[in-house]
Each structure stands twice: as C-alpha cells, then as structure tokens.
Amino acid sequence: MARYASLYGLFLLQRFKVLLEYRLNFLIGASSTVFVQAAGIATLWVVMRQVPSLNGWSFDELLLVYGLLTASRSIEHMFADNLWTIGRQYIRSGGFDRFLVRPIDPLFHLLADRFNHDGIGNFVIGTLLVVSAWASLGIPLLPLYVLYAVLAVLSGGAIFIALNLLTATTAFWIVESVPVTRAVHEMHEFAKYPLSMYHKGIQAALTWLIPYGFASFYPASYLLGRDVGWLVWAGPAVALVLLLVAYRFWLFGLRHYSGTGS
Amino acid sequence: MTLRRLLSRYTGFSGMAAKEFLAYNIWFWMNLFTSAVAMTIFVFFWKAIYAQADQIAGLGFQQTLNYVLLAQVIAGVGESGILWTFGYQLREGRIALELLRPLDFQGMLYAFSVGNWLTGLLSRTPLLLLALLYGLQPPADPLAYACFAVSFFLGASVMFFFEWMLGCFAFYTTEVWGLGVTLFAIQLFFSGTLIPLDMMPEGLRLFAQILPFHQIVYTPVSFLAGITPVSQAPQVFLGQVAWIVGLAVASRWVFSRAVRAVTVQGG
Amino acid sequence: MSQNQPAIEVSHLRKVFHIPQRDPGLGGAVKALFRPRYAEKVAVDDISFSVPPGEIVGYIGVNGAGKSTTIKMLTGILAPTAGLVRVLGRDPHKERVANARQIGVVFGQRTQLWWDLALVESLNLIARIYEVEPKRYKELLEQFSYTLELGELLAKPVRQMSLGQKMRAELAATLIHEPRVVYLDEPTIGLDVVVKEKIRAFIKEQNRAKGTTVVLTTHDLGDIEELCSRVIIIDAGRVIYDGPLATIRERFGKYRGITFETARPLEHPLTLPPGAEVVGQEERRLELRFDRTRASASQVAAAVMGQLEVLDFSLSEPDLTSIVKQIYGGALSEARPV
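Going down the list, the protein sequences come from chains A, Y and F.
Take the first sequence: its letters are residues 1 to 262, numbered as in the working numbering.
Take the second sequence: its letters are residues 1001 to 1267, numbered as in the working numbering.
Take the third sequence: its letters are residues 2001 to 2338, numbered as in the working numbering.
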C-alpha cells in the first residue's frame, strides 16, 4: 500500500513536469471545464431569477446539489480518466500488454499512467459552489457536517469511478468502450437537479440502478435538513459495494483478456 | 469550367460527408442518447418551474417546452467543427496537402459542412419523435417551417465562417482540445440551446445577440416555437446574409495570415 | 532453484482463440449479443522446447506463425489453452507479478517509455516500478550510459528521438532491473548497420556478463548469425526446426539472391548456369537464386547479360522468411533434427 502511494506520487510528479512544459495547454485544459460548468450554472441562474423555487429548492440550494455533484465528478475526471480511453489507447494498440509484464497491478498502472488536469477546473468550481452555497444558506459549520460533506464527495467520486470501471471493462470484449461508458455516465446529468422533481421511476433508477443520486441529492438533503430517510447515510456503503462489484467485473474482464488477447 | 461542373465537384464532398457520417453509427446513436437524456431532464425541469409561474419573460409553458425540445433536436447540427478539422490536419501534417488541391480549401470544407448539416438534420428524426411524445406542438403554418429551414442554413453558414476564424488558433497552439471544450461551453450558453435568449436579463440578452452563436439554434428555432413571427423573416435573413459576407471576407484574411505564420516558422 | 534447471521450459503448448463472428450493422451487433458465434483459430498448436540459462535463442517464423502468441504466453500476458510453460520454474500467468520481476520485454516498435518524459525520468519511474535498489540503479545507469551511449539522450523525451535512439533507450529501460530472462521482438528492425551493430554488441555483453537468457524474434539473419547459437523455427503453430544455426547455414546459406533491373521485360525463357533459377519477376525486375557451390555470381550475371540488356543488378543474402518457406515446403525435410 505504501509502495503504491509513493509510486502514485512519482507518477503524479512526472505528469506535472510534462504539463508545465506545455503551460498554455495546461491552463486552457484546466479552465475549459470551468466554462462548461459556468454555462450550466448561468442557465440555472437565468431561470431561477424568475421563480422563487424549483420544486421547493431555492437557487442556493440547487447550487449545493450541483456543487456536490461537480466535485464528485471531478475526482473521477482527475484520477480515473484513463478508463475512458482504455480500449482505444491501450488495448487496440497493444499498450495494455506492457502493464501485464510489469510487477504492479495493471489497474493501478492504468489509472496512475495519466492524471487528467482538465478535472482540476471541475474540482475547483465544485468546491467553490459547495462552500459559497454553504455560507449563504447558513449551514452550521459543525465538524460532523464538514466530515459528512467530505465523505459524501469521496463516495460520490467512488460511485463515478466504479460505474466507469464497470463500463470500461467491456473494452476487453468490444475494444471501443467509450459509447458504453458515455451512455451510463450521461445519466449523471439527472443528478444535477433534486431527484424529487422527477418521475418515481427515474428517482429509483438514480438511487438503485445508476446511483448518482448519492453524489448530490441525498447528501444535499441531509445538509439542508430535508427528510428523505435513511438513504442520506447510505452513500459510502453504496460506493463501496459498487466499487467491489466493478473490481470483480474488471478481474473477470482481465481473465477474458488473457484468454483471448486483443 | 462550367458552373455546373464546378458545383458537382463540390457536391461530391457533401456526399462524402454523408457517407462518413453514417459509418460511425455507434457514435450517432450515442449522440441521440445524450440529447434524449437532456430532453427528459428539461421536460421535468420546466414542468417544475412553471408550477411557480404562468409566464416567464412573456413565454407560456407550451411555448417554452416547444422551444427547449426543438433546440435539443437540432443542438449541434449546425456546427462545422472547423477547429477540430484544422487541429487534426495540422497534427497529421496534412494541411499543406489539402491546400495543394486544385479546389478552394474553404469552398471544399463548406461543401462538406453543408452535407453534414443536411444529414445531421435528417438523422435527428428519432429525437423529433421523442419530442412529440414529450408534448411538442409543432406549428401549423408551413411558412414557419420554410423560415426555419432558411434561417438554419444561413445561420450555420455564419457559424461556419466564424468557426473558420477561431479555427485559425489551431495554427498557433499544439493542442486544440481545451480550446474546443471552451468554445463548446460558450456556444452552449449563448446559442440558446439551453434556454431561449428572451429569458436572459437585458444586458446578457443583448450580448448574446451580438455574438453569432444564436444563429444556429435560437434564430431558426424561435420561428418554429412561435417566438419570432414569420413576418419578421426578411429582416432576420438580411441580417444573417450581412453576417455571412462580413465573416467570409474576414475569415479568409485571418486564414491566410495563419498559414503564412506557420510557413514562416517552417512548421 | 537448481543450477541445471532450464530458464524456460515449454511443453505441448497450445493456444486456441475463439473469434466472435458478427454480421455488419446494428442488427448484427444485437444478434451477436444474444447468439454469439465463434470461429476457432489455432495460433499455437503444439510447441515444446527448453532453454538452458544463459542461452540466446532465435525464435523465428513468418508473420502469423504463432511467434508473438508464444511470447505472450511466456511473458504471462496470455494463459495457455493447454500445455505447460515454466519460466525460471514459475507459471508466468498464474504468478504474473513474480514472473514480471525477473523478465524484460522489448515489443518491437512499441515503446515502454513515456512519450513526453525525458528518458532519465522514464528510467527513474521504471526503476521504481521494479524496485531497483537506488545504489544499484545509479551504477547501472552509469554503465548503460556508457555502453549504449545514452549521454545526451537522457534529457530528451522519446518523442524527439530517432528510431535508433529509441531502441537504445528501450533496451536500457528493459534491462535496468537486471532481468534474468529477456524477450526481444525485432530489436533491430529499421535500423542502420552501425546502430544494429551497437545493439547486438550490447545484447551479447549483457548475456556474457550476467548470464541473461535471451529469446530473440527477428527477421534479420544478421541478428541471428551474430547472437544465436541455436534457432527454433515455427510455422502454423508448430516447431519445424530446433537446432544449431550451423545446420541451417549449411543447408540454405549456400544460396545467394541476385536481382536484375532490365531495359525491357523478359520475353523468352532464360538459359542459366546449373544451380541457378528464377524465383520472381515483374515488369523489368528479375529475381534469381543460385547455389554458390555450383555457380558464381559472375557466371550468373554474365549469363543474364548475354541474353538481356541489364541496367543494374544487386546481390543479396537469403533472408529468413525465404528459408522458413523452404523448410515448410518440405524442400529439405531431412534438415529437421527435431
């Protein structure tokens, strides 16, 4: 474990050296996602000027939902972006074989191989949204709440990563897995708004099937003192179970790969 | 060379665009899916919003729903992706080759884009069906459809030349990804893909009107959604043509400077 | 591990791929999802051999013969369908990580270095992945810098390197953890003679000094001649020759190729000295082969020039592909000591 942590640190250090070599690309890349989020937030702002609430949620409360989701997403974006391109960049080209002849875990190697700086913008904007919404909503700054929020973002991030791992593993069979990953990932758009505004079926899907709801709606409900039941505590457990399932599936895919090659 | 022969050479490129497009059919379904998700979210979102007010910026629920659904149906179709094209060709070192062809480079890509717009619109039919399912009420007046078609075509042409100018940035940077994403975000907001421009506060709305992005979504869709009356069409078209002329000239000038900058550096 | 245990042991190795069959289009994709059909492809049929520690073996075959599938099983990337593989006494697939520490692999044109990183940074990272002791790493880096002339390359990222520089960098990266078994796939492809020589010398040196076992796949007869005392030739997933290089040389080394560029296409059949024959012709190119124990190059050239207007001609050593073809064609089946 300590070995992997220090290895990851080294990978990260090397990555930043490269990024600093291309300073302009780095800046544009890291800020590009800020613009995408800004478009969404500006739209919300434009609409929410006209009405007092959306399904009983004020603009600041919506920003909390949006911010929690964006921060969660940024964790996947920064640390697990290679899952998107595993088929195209590693399996098709044979580069994945290189991971298999090295004495470290291939999944670790894949993830560590490229930290994606584009996610930094998402992380900053997500955090800023949460902090500013927190302040303007007057949520008390209790250690319990802060700890809860941090844990919520971490488990939200884990849910994002687990779902991408689950879908990226299909690359071992179909090579180009991006459409599958994107189809599932796209569902996180629903979680940018309070789940309560949707049809019951969609709510259930975003809770039990593709549980992005635990990255935004449930933790926001808890922090705002809205009663949505025990589910506000389920996030970390859901994340853990999903990670385990995804990892098992990954191992299964890996076995299939060593049976067939590319 | 006769005009007809010249035209047929360029239309060849439009046909090629169509074929290339259909070849990537998994991506095609993927894009439809993304738009379908967005449409679903919008339907619930606007229902919840209009539970609080009968009218927003003078628009009733049905009008807004019509607008938002149609905007999703044609979202992205009017783009030409010139920035990506330039980025790709520069990276692969193919731009010099393209410039050597005995056809006007810009004319060729324009023909290619026209093909993309046409097939793009056709390919979005499944989304139109979904929009109808979600309560879209299309207008009865055939003139509204004609105005939509003309202003979409003109608007996409405006954006083609505008993208052409922005695409010239590709000559000066090594990576266009971040720039492309930024452009996408700005366009998403100012084109009116997410909300009708009418809902924006006055200053922001004026700013959006100055930018050309609204030409590929807001301008054509507002004819169909009954926001812009058909009687204003001549004015709108004239404005679009003026944009095209201005940008066409400017884009060629910027492009020639960019090419020179690269050849001087010996890239 | 005992001294006389083989470094590599392979017995009755077999690998069958199941390739999914799919009709084109979306309908085909859906059908394949519910009722998948497979075609069987036997990549490695039945291969057995054993390599003692410290040997350099040439592993040869035409493309698609099963070379890379074998290497993938030896390195632990693929699991065998049947048969046994042992590398330094281990099952390379089941004990993948333990095996990976002991082996080094060069995958031809595919680099293992990070494209944008300076070479020395890549090497640092690789040394850490393999947990090379820092002091030892320093020594080796110095050694390699000298023998592979890495000097100014260390600060260069791979993307700025020439093909020859890349291969030198690649070898350093492959051997920095002092693997006991090394697999080299086409290490000299596309390189000029001087660089080829340097790389061969380096491989020989590593083998001599450290007793590194080397499995070399190549199309270059020069690589084999300079490095390998033994070659294994495979075709259609089976070993068709396993023995000393000398035997092959005796049987096939006596052939030379000679290619003519003529003013006009050949119209009449040529009369040639005994031991010479036409092996290929197209337009104004004519390829011949002759047995150098029975005819000389000048005899053949003179014979051709007497019958045709020749613009240019060149002599060539036989390449492995053609040798493999001959063996497979059963041309000299008595050459098999298998």
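Honestly, the hints are just simulated from the structure, not real lab data.
Treat the hints with caution; some may be incorrect.
Cross-link-like lysine-lysine pairs, in silico, PhoX-like; alpha carbons within 25 Å at most [what the hints assert, rightly or not]:
hint	chain 1	residue 1	chain 2	residue 2
1	F	2198	F	2138
2	A	17	F	2156
3	F	2156	F	2135
4	F	2135	F	2196
5	F	2138	F	2094
6	F	2135	F	2210
7	F	2210	F	2156
8	A	200	Y	1047
9	A	17	F	2138
10	F	2198	A	17
11	F	2094	F	2031
Covered by chain A, per the in silico footprint, the following chain F stretches (three or more residues, Cβ under 8 Å) [to be verified]:
hint	segment
12	2112–2125
13	2137–2146
14	2161–2175
15	2256–2266
Where is the CB? At the ideal position from N, CA and C, for every residue including glycine.
Tested hints:
1. Our distance criterion of 25 Å between C-alpha atoms is met by residue 2198/F and residue 2138/F, whose separation comes to about 22 Å.
2. A distance of roughly 13 Å separates the Cα atoms of residue 17/A and residue 2156/F; the hinted pair therefore holds under the 25 Å criterion.
3. About 23 Å separates the Cα atoms of residue 2156/F and residue 2135/F, which keeps this hinted pair within 25 Å; it holds.
4. Simply put, residue 2135/F and residue 2196/F have alpha-carbon atoms about 30 Å apart, too far for the 25 Å limit, and the pair is violated.
5. Distance restraint check for residue 2138/F and residue 2094/F: the Cα-Cα separation of roughly 32 Å exceeds the 25 Å cut-off, and the hinted pair is therefore not satisfied.
6. The suggested pairing of residue 2135/F with residue 2210/F holds, with an alpha-carbon distance near 18 Å, which does not exceed 25 Å.
7. Between residue 2210/F and residue 2156/F the alpha-carbon distance is near 28 Å, which puts this suggested pair outside the 25 Å criterion.
8. For the hint pairing residue 200/A with residue 1047/Y, the CA-to-CA distance comes to about 15 Å; that is within 25 Å, so the pair holds.
9. Between residue 17/A and residue 2138/F the CA atoms are separated by roughly 22 Å; this keeps the pair inside 25 Å, and the hint holds.
10. Distance check on the hinted pair: residue 2198/F and residue 17/A sit about 32 Å apart at the alpha-carbon level, beyond 25 Å; violated.
11. Simply put, residue 2094/F and residue 2031/F have alpha-carbon atoms about 35 Å apart, too far for the 25 Å limit, and the pair is violated.
12. Given a C-beta distance limit of less than 8 Å, the hint that chain A covers the segment 2112–2125 of chain F holds, as 7 residues qualify and 3 suffice.
13. Counting residues of the segment 2137–2146 of chain F whose CB falls under 8 Å from any CB of chain A gives 0; the rule of at least 3 is not met.
14. Residue count for the segment 2161–2175 of chain F with a Cβ under 8 Å from a Cβ of chain A: 0. That is fewer than the three needed, and the coverage hint is violated.
15. Counting residues of the segment 2256–2266 of chain F whose beta carbon lies closer than 8 Å to any beta carbon of chain A gives 0, which falls below the threshold of three, so the coverage claim is violated.
The structure is inconsistent with the numbered hints 4, 5, 7, 10, 11, 13, 14, 15, although it conforms to all the rest.
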